[in-house]
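Q: Residue numbers (my numbering), protein chains in the order written: chain A, 1 to 536; chain B, 1 to 303; chain C, 1 to 293.
Calculated directly from the structure, the hints in this document are not laboratory data.
Every value quoted in this text rests on a predicted model; they were computed, and no experiment measured them.
Please note: incorrect hints may appear among the correct ones.
With the C-beta cut set under 8 Å, the calculated list includes, among others, these residues of chain A facing chain B [stated by the list, open to error]:
#1 I103
#2 N136
#3 R290
#4 T483
#5 D484
#6 T487
#7 N509
#8 N512
#9 K515
Where is the CB? At the ideal position from N, CA and C, for every residue including glycine.
Here is what each chain is made of, one letter per residue.
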Amino acid sequence: MKKFVAACLTAGMLATALVGCGTQNQPTTTGGTFTKTTEDGYPVQNDGQEVSYWVSLSGHVSAHSQSLNDTKFAQGLKENTGINVKFQHPTIGQETESFNLMIASRDLPDIIEYGWNKYSGGPEKAITEKTIISLNDVVDQVSPNIKKLFEENADYRKANTTETGNIYVYPFIRGDQTLCTYMGAMVRKDFLDKAGLQPPETIEEWETMLRKFKEMGIKSPLTMRMDNTKLSQMNQFIGAYGAAADFYVEDGKVKYGPAEDAFVQFVELMTKWYSEGLLDSNFTDTDSKRLTSVVANGEAGAAFGSAGGDFGSWMPAAKKNDPNAEFVPVPYPVLNKGDRPKFGNADLPTGGYGAAITATSQNVELAARLLDYGYGEEGHMYYNFGIEGESYNMVDGVPTYTDIILDTEKNGGLSVGQAMGKYIRACYNGPFVQDKNYISQFYTDPVQTEAINVWSDNDQLKYAMPNAAMTEDENREYTKIITDIDTYREEIMYKTITGTMSLDDFKANYLNEMKERGIERAIQLKQQAYDRYNKQ
Amino acid sequence: MYTKKAIAKDWRRNWKLYLLMLPVFAFYIIFCYKPMYGIIIAFKDFQPGLGIMQSPWIGFENFIEFFTGNYFTRTLSNTLIISISNLVFGFPAPIILALLINEVVHKSFAKTVQTITYMPHFVSLVVVCGLIRTFVAEDGIINYIITFFGGEASNLLQKPEAFVPIYIISGIWQEIGWGSIIYLAALAGVDQELYEAASIDGAGRLRQTWSITLPSILPTIITLFILRLGQMMNIGFEKIILLYSPMTYETADVISSYTYRVGLQEFRYGYSTAVGLFNSVINFVLIFIANTISRKVNDTSLW
Amino acid sequence: MAIKKTPQRKIFEICNAIVLILLMIVTFYPLLYVVFASFSDPTSFLGYNGLLLKPLGFSTAAYAKAFEHPLIISSYLNTIFIVVVGVVINILLTSIAAYFLSRRNILWQRPIAFLIIFTMYFSGGLIPLYFTIQDLHLYNSIWSLILPVAINTFNLMIMRTGFASIPHSLEESATIDGAGHFIILFRIVLPLAMPTVAVMILYYGVYHWNSWFNASIFLKDQAKYPLQLVLRSILIVNDTSAMTSGVDAGSQLAVSETLKYAVIVVATLPILCVYPFLQKYFVKGVMIGAVKG
């Protein structure tokens, strides 16, 4: 199940860039039909109609509350906005099925918060099928906060607009690259000290370090996973050769890393490391438990993982086995010392996920006012930090969480994330801009915070493929090509690295075979979507 | 056969039985046949917002996409290889276990064997696959045995040729006890006097097993065998994806795991319904053939 | 049985015992492993790889985590209700259908059998079923977990085979005595087919005990959730890799590994205890007693 959940989540992330829609409608213009009945400012004057709001229940909340309605967050939101919001949730783990059945049964709430790229046919289809409404007028007329934000930052708007120009969500936006980054490499500091080395910056220094570790008797100097669900992990080394492991954009041209020479060089490097015993022989293992134990037992000197879910549990486990165990995060490597890493790990700041207003809603304006709240100054503080004097205080101009969030003793034995779940939504997502001051206080171990800073110090977002919508037909063709290619690439890469297939054969055939299988067409489809995106 | 006269006669004789069957008919009509129109999703570009009936028809597009994929042949043949191996090795295993338990003289021992062997059935696949991983790892117990006999240790899950045996053997390990229960129940019905009569006639135990025990559980075996044939195309993707890796795709990637990966790329009902329908049709053809043969050969059939 | 044992027979019995004992060891280990893992210290277990011959350290943290869920008691009760009522309905309907299909001289029997088996292969999928449930006002009712699965066709076929092996002479003599179908089914056929019925109780009981999917779709109130659904949500919420975006931290996460095993113990122990009660029906010769009695 672990793997399944991870795969689904990762698929969601991949899909962010993929799914699009079919019809070539012009932006829906309902201009003039929308009459503004309330004044700006909160709380909003209204008759207390219930605004129903469908959203998945985060693990940070379900750990202590059966529904968002039971949290301080919801109570405060009602008071601050004056809007009688009522949250409803699908069963945990069955979000997609519940969503699809809700759509099929046409029994819709006022607001649905969802990853709309996952909507069958894409967000444009959700509008043409009359599931949700185009928000262009609503944003323009009754949502001053998000209107301002979209005007200041066109990319935020484009990433949440269909290919025909309809805004469809009040999006979740990560306000800083440190919020988009969570994966990277760490090295055992105690091993480095013993070897008399500095944390590596170039591929060459990596190789020196791994060889030294091997001489010191460390069984698997480097451990990392390279399967499709963790595609971005490969940015770790392929990035040094000038390509990302996935789609990216360079000088306005869409490229696919695994179809570039850089990928061949990357596989060559891995093959070398594997044959020398520098790369964990279990890297093919699709179950993370074994890799975890390799790190925890000190059998690995360097590992790749997320700061929270992976290192957050590996580090205490390693310390338990060896009290001297210390980890130090290292930047994404480069070829020449002093270069700035081109690629790293970063999710897109925004795109597709957010709260939409349904076509059946009788309370469009109230819903819009409720959703717009998170993008204003007051709402920004409320969504990110909660109630001043209770969940946070201003310390030297920086909002700082109080002990009822950070101290396990005082919050009733909850983790930081769970305690946050009572007051705020910064620890997962929602219709607001996530504040970077949240992440710097979120991780319990300073090494984790440091890691995020080190791992995000690169140009990943500059080259990132944005959430450019494809039409439905484009998407269907694209999926067919890419599923075949993924299978092929994964298989041949694993076999080459482990020596089951010869490196020479790989070098001779790989790139041609990718072309045979239509990678150029897939890139072309992506390029079309990207060009449309830019015109908006 | 279905003449007016025959129908009337049947009704006079059996109307009470048909009446008794009413709740059964109601169940099948309401919960199975009424929702069956959903199958047309396979031929449609299903859009949840439009509903099943309003979604546009696209004919066989979903099927064509499935058949023309680069990996269709490989996943189909892997599916069949795993299924057939499972039928050849996995199907007889519980029967043999039931026969062995049947030969045990001490009842308490027999009961203990039953109770313990059926337990792995209740352990979730995730945990079972984790255990398999531990067993076949380079430093695992299986490799310990291999090296003891002079072989070379290696991570068996990286070897394409080892995947099917691992899959089948672990399946037997998990399900042998659970599967044997149905045969034990059938064996419980065998008239013990038959054995006494046979041994008076001087028939040995092996002979008795062959000529008394087996024939008496044969209808159960045949029924289950036919039902099993009708599941040829169904290999759950969970266990496959928990055990395979790109290293073993060439033997391990089956239809269900492949469509699972397609599903990760996007979220389409139509395509998965089409693949499901394809599997069902094949399964149904197989069970139809098996049933017809069985009816001709030994008069045991499902319909 | 006073059969004189030949030497070959003795050797066979010894070999048989050895084989069965080996099989028991091999099949018992997974369960032992689960129990050991569930009581292991979470952090140590996370870093451990290999076979367990005893718990690693000792900790009940995983059980504490599972039982601190407010719904655990109510979900146990819901599951017990579903299993008991569900199995009664299953056995009732399945035995009626099996009785019908195992009788002789019924004109429409074969087409009906065919149409029943057809449903094993072709179904409309989730969405039409969901609408049916809504139309019948079963949505958010515990009956939505019982009625749509009132008959499992696979089980029906097994039961029919069991019924068919009962000598027809017994039924016929009852018919001559003027007994109705209900009497024949419940007074003669069911008692004679007790081993098969026991298997059915086990199959259906375990099915209801383990199922969660329908509940996740057809139920809205968490108070109506069955055990497996609650356990599942505990697992998902505590799954470390679900936090792919790195949004959780700290050693508390380690418990998710051992939790996986504790949940199996919590979910499995009660149902494992049912089997020994049914086992008496699988003993050789039970039929004879029923016939003669």
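Q: If any of the earlier hints don't hold here, list their numbers in rising order.
A: 2, 7, 8 and 9
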